[in-house]
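Q: The primary structure of each chain is shown beneath.
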Amino acid sequence: MELAIDIILLGFLIIVAIAVVKLRDLFASVILFGIYSLLSAAIFVTLDAVDVAFTEAAVGAGISSILILSTLALTSRNEKPSRHSIFLPLLVVIITGSTLVFGTLDMPAFADPDAPIHKHVAPRYIQDSYQEVGMPNIVTSVLASYRGYDTMGEVVVIFTAGVAVLLLLSSVRHKEDELSNLVDLKHHPILLYVTQILIPLILMFALYVQFHGDYGPGGGFQAGVIFAAGFILYSMIIGIDKVRETFTPKCLRWLAVTGVMLYIGVGIATLILGGEFLNYSVLAEDKLSGQHWGIFLVELGVGITVTATMLSLFLSFSEVRRTP
Amino acid sequence: MWETFILYSSYILLILGSFLSITFGLGLLRFPDFYSRTHAAGVADTLCAALIIFGLSLQSGFSLITLKLFLILLFLWFTSPTSSFTLASTAYRCGYGVKNKETGN
Amino acid sequence: MSSFFELYNYWIFIFLMMTGFYIVIAQGNLVKKIIGLNIFQTSVFLLYISMGKVSGGTAPILVESDVAYSNPLPHVLILTAIVVGVATTAVAMALIIRIQKAYGTIEEHEIHEQDASL
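Protein chains in written order, with the numbering used here: chain A, 4 to 327; chain B, 3 to 107; chain C, 58 to 175.
These aren't lab readings, by the way, just hints derived from the structure by calculation. Careful: at least some of the hints might be erroneous.
[Stated by the list, open to error] Derived pair list, reagent style BS3-like, types lysine-lysine, alpha-carbon separation capped at 27 Å: (1) C:K158 with A:K83; (2) A:K83 with C:K90; (3) A:K245 with A:K290; (4) A:K253 with C:K158.
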């Protein structure tokens with residue numbers, strides 16, 4: 004039965020990917036990309052990767068599609084037919100694909116429990132994570148505690164992307180007084196009513212996901228993206244000026260910096276208290292509660308930075324002026 | 003006896019929901035007009051999600067899973083009719099396929 | 058050497074990767090290239106996560122009963138990769154908007170013509 008679900012989902016993925024190649028309407032391509040993301044999130048669930056499925060659905064079908072649609076609104080909607088022949092790219096793709104398939108011939112069978120990948124460091128994470136870190140979600144404990152350096156780099160990457168977009172788009176913005184002419188959907192009474200019911204629930208769900216990342220799928224990234232998505236929905240329906248009053252651009256920049264500084268600050272605090280950088284055990288007397296405190300603060304930093312960056316990305320994109 | 007009745011009724015609900023989903027999808031592809039396609043998509047989203055979630059909740063009994071499933075259903079029932087209504091209403095306000103019979107596609 | 062039935066998952070993911078790769082190198086529109094890049098990235102994530110699956114296992118969240126768990130390490134690496142992917146897409150879209158302002162078009166051959174005629 005699982006095999007049937009896998010085959011059907013993979014078949015849909017192949018159809019969607021080929022359709023994106025063939026279509027020349029870019030709007031339809033973006034929507035198909037969102038469908039591709041959602042289908043791959045479903046495949047992640049069948050592959051037992053629930054955290055990854057959560058993040059892929061929120062980020063791929065949510066934020067990525069919104070950003071590409073905002074770009075499409077500023078450029079053209081249809082693609083012109085390509086000028087050069089298709090044989091050379093097809094040849095390159097076929098050669099690369101066959102090389103990769105040749106490389107997979109030596110791989111162990113799919114879902115083999117005795118594969119070499121499960122023999123090195125993964126048994127230590129699975130068996131010792133509850134005694135050393137003390138939370139049921141092994142992915143969160145590996146992400147925030149065992150591999151804390153990588154997550155720190157990731158937060159800095161998100162922050163850098165926000166800064167880069169601000170740099171690129173700050174010179175093509177509307178002037179301040181033209182912003183209230185942007186279109187919203189306030190005149191639809193049903194949409195307004197349903198949104199006013201749903202947005203508080205969305206924000207509360209984001210807080211739930213942030214703080215329950217220890218016990219189930221969740222954590223800082225997913226929560227930040229859902230939080231930003233709630234505010235993006237508000238700005239699309241009720242108006243962007245209210246969102247800019249609540250989250251002024253200066254406030255968003257300060258929030259993004261606060262998240263990164265919180266993460267690095269936890270590391271410096273552990274250095275001051277005598278341990279290594281990002282060794283959370285020294286944050287409290289008991290090793291396990293030190294780990295809990297460290298992971299709580301670090302995930303909070305991640306959530307704050309992701310929220311602020313995603314919101315500032317969306318606001319930068321929606322303020323670009325239409326006229327050249 | 004009661005358990006097999008619940009199990010089989012959940013199977014019937016799941017199969018009915020899937021079959022109706024495929025049928026509405028076929029209608030989405032084959033209807034000639036924008037508004038009938040929007041209607042097919044909107045009804046499909048709401049009805050088939052409800053049938054599938056009822057079937058799944060029969061299988062999971064009185065537990066936290068059923069509560070979460072019903073919360074998902076509530077969220078779907080809020081958002082799916084709203085989105086199809088907004089789509090059709092905005093198209094109508096822009097005069098899409100109403101004034102000019104040839105462009106009604 | 059494993060047979061076809063144990064490896065077809067990887068081959069389907071490689072086909073999806075090559076579809077995304079083809080969109081990047083063959084299509085001229087810049088936005089379409091970025092969509093192809095995202096499809097490529099998502100297929101690579103699928104390949105990595107499928108390497109970590111253990112048959113008969115469950116999600117790596119500790120429960121009371123005695124079950125096998127899937128490998129949590131690929132999940133962590135791919136979580137980072139997904140977020141880095143969206144950051145890259147955002148910067149790429151901002152660059153495309155600036156290219157549109159500067160050249161008036163986002164088709165690759167028209168941009169090359171304008172550059173060549175300078």
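Q: Against the structure shown, which of the earlier numbered hints fail to hold, in ascending order?
A: 3
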